[in-house]
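> Sequences listed follow chains G and R, in order. For the first sequence, the positions run 1 to 270 when the numbering used here is used. For the second sequence, the positions run 271 to 580 when the numbering used here is used.
Check the hints yourself; a few may be wrong.
[Claimed, not checked] Ranges of calculated distance between the beta carbons of each label pair, as one might list FRET restraints:
{"id": "1", "chain 1": "R", "residue 1": "541", "chain 2": "G", "residue 2": "18", "range": "55 to 61 Å"}
{"id": "2", "chain 1": "R", "residue 1": "536", "chain 2": "G", "residue 2": "41", "range": "58 to 64 Å"}
{"id": "3", "chain 1": "G", "residue 1": "255", "chain 2": "R", "residue 2": "564", "range": "49 to 55 Å"}
What the hints contain is simulated information worked out from the structure, not anything from laboratory work. Just so you know, even glycine gets a beta-carbon here, dropped at the ideal spot from N, CA and C.
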Amino acid sequence: MIEIQNINKTFNPGTVNEVKALCDVTCTIDEGSFVVLLGTNGSGKSTLLNAVAGNFLPDSGKITLDAIDITRMPEHKRAKYIGRVFQNPFSGTAPDMSIAENITLAAKRGLHRSLGWALPKTAIEEFREKVRPLNMGLEDRLDSPIGKLSGGQRQALTLLMATWLKPKLLLLDEHTAALDPKTASKVIQLTKEVVEKEKLTTMMVTHSMQQAVNLGDRILMLHNGRIVYEFNGQEKQRLKSNDLLALFDQIRRKDQIDATTADMIGHLYI
Amino acid sequence: MSLLIGAITIGLILALLALGIFISFRIFNFADITAEGSLTLGASISAAMIVAGFNPLLATLVALAGGFIAGALTGIIHTKFEINGLLSGILVMTALYSINLHVMGKSNVPLMSESTVITYFEDLAKWVMPGTETISLLGNSIPAKDIVILASVFVIVSIFGALLYAFFKSNFGTAMRATGNNQQMIRAQGVNTKTMIILGLAVSNALIALSGAILAQFQGFADVQMGIGMLVWGLASVIIGEALINDKSLGFLITGAIFGSVIFRLLVAVALRIGMNPNDLKLITALFVFIALVLPKILKKNRMKGIEIK
Ligand SMILES: Nc1ncnc2c1ncn2[C@@H]1O[C@H](COP(=O)(O)OP(=O)(O)O)[C@@H](O)[C@H]1O
Ligand SMILES: [Mg+2]
Chain G
1 MIEIQNINKT FNPGTVNEVK ALCDVTCTID EGSFVVLLGT NGSGKSTLLN AVAGNFLPDS
61 GKITLDAIDI TRMPEHKRAK YIGRVFQNPF SGTAPDMSIA ENITLAAKRG LHRSLGWALP
121 KTAIEEFREK VRPLNMGLED RLDSPIGKLS GGQRQALTLL MATWLKPKLL LLDEHTAALD
181 PKTASKVIQL TKEVVEKEKL TTMMVTHSMQ QAVNLGDRIL MLHNGRIVYE FNGQEKQRLK
241 SNDLLALFDQ IRRKDQIDAT TADMIGHLYI
Chain R
271 MSLLIGAITI GLILALLALG IFISFRIFNF ADITAEGSLT LGASISAAMI VAGFNPLLAT
331 LVALAGGFIA GALTGIIHTK FEINGLLSGI LVMTALYSIN LHVMGKSNVP LMSESTVITY
391 FEDLAKWVMP GTETISLLGN SIPAKDIVIL ASVFVIVSIF GALLYAFFKS NFGTAMRATG
451 NNQQMIRAQG VNTKTMIILG LAVSNALIAL SGAILAQFQG FADVQMGIGM LVWGLASVII
511 GEALINDKSL GFLITGAIFG SVIFRLLVAV ALRIGMNPND LKLITALFVF IALVLPKILK
571 KNRMKGIEIK
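Please construct the entire structure, taking both the sequences and the accompanying hints into account.
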């Protein structure tokens, strides 16, 4: 279970570039729950995931993961509990290193790294068997550098790597956004399979209404750094992508009104 | 011929420098100029200790440790204080200049009349080939001890090359390579990238200081200026090695750096022999490295243009 309590994050405070990326975000995610995060561009979805993963420390608030307080824990320490797939296929793998080397790095996530041989023969066999189900022919290319693979192959491998050791929490940040539709649906399929099989607690950001409707048991919608809508259980299951689109429209219209009001007030006072 | 043997020996000694530069330049992607200070540091420490009567082997090991600390310092300044890598190196290199003067007590320490690790190799020559003063090779007679020194240095460099290979193929070393390749990725795998950079630069400069220590004992003196230009020298060796062995796997890259250093030293020896002004040596080396760095980019650009036209 992950508890996020009153998290605040302001980038570049006190400058003209000040951005309140997260305002008092609070939510509790039960063990085994699959949460889909939605929101317009810049609403703070990535920032929320980054705060949980420890890319930066929040200005205030508290994050606990299975009762472990990770609020101040450096990123590399909490990696022990967290598996991640990034939006950019280049972020999650070491491009110049082989598929096998990348996997062996992930197979030791958060564990002691010895001076022993990183790729013993037995490990290679194990890797091959676990890569085969991806159905991408990668099992015969374990020695080639990951940089030579397509974005989809990389994301599929990154997903495999993120879940190689069962994480307490899986973070997926628009991990199919950079892929063509066919590859994206394949990666989504793989995601669904592994999350269900391992019963992973998951937070997934997406901009696809389709994915939001089809996946997960809960939807959180962010706007301007706040959670503005939430759908759980039955309500979530009944939700159609049109309902979500309507909601986005509503948010957008409200934003426009706010901007016009601000404009009017501005004219009155300046 | 004797000159040739000498050039190869120095090339092999400086191969340890090339291995150090390989770590900073190819694993961590930045040219760590600490090298110029740590090469001299290795020479200074070993020379000063040998003159003071310490065992030359111990002196050489302490020199290696000195380089380790110097490299770690650069890494700490770079990662913990978030100062640009090049600047961190410059700071430590500059500080080392004074430290090296303090270690030696003067700007040049002669070792000609001292017993050094090279003396050990000479004793080894007497032991394996008793009574043989010279060996004839391709019609030339060469002092037997020169051959044994060359062979001994080759063995030492091979051992360090093999150790480095095993290290970078270990779980720990693989994580270190990943740190240079994609920090975001390896942090997400639970690796403290700062520690990796500090340790990597420490190992790099330990090898470079070892190179300096053996070089000083081989040439018979340590000089406070001897590190100048050595970074570019090491880069040239690494680049030649890569061009020579067109294979990007670790074992070949390490072997390439070693042979690149030897070939580079031979090229220099030949150039000097046919009348190149020694004062131009560093200019020409810098030009060479510049061209080697720029050439692939130009070739790539032209290739891309070609695709556009089609
Ligand atoms: N490292 C950063 N420095 C400054 N501003 C940032 C940083 N990361 C995100 N932001 C800003 O915070 C806001 C939220 O960004 P983000 O969480 O990436 O949005 P999204 O919901 O599209 O993922 C945006 O206005 C963005 O510009
Ligand atoms: Mg985002």
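> Determine for every hint whether it applies to the structure shown.
Hints, one by one, checked against the model:
| no. | hint | result |
| --- | --- | --- |
| 1 | R:541 x G:18: 55 to 61 Å | 60 Å, holds |
| 2 | R:536 x G:41: 58 to 64 Å | 59 Å, holds |
| 3 | G:255 x R:564: 49 to 55 Å | 50 Å, holds |
Of the numbered hints given earlier, the model fails none.
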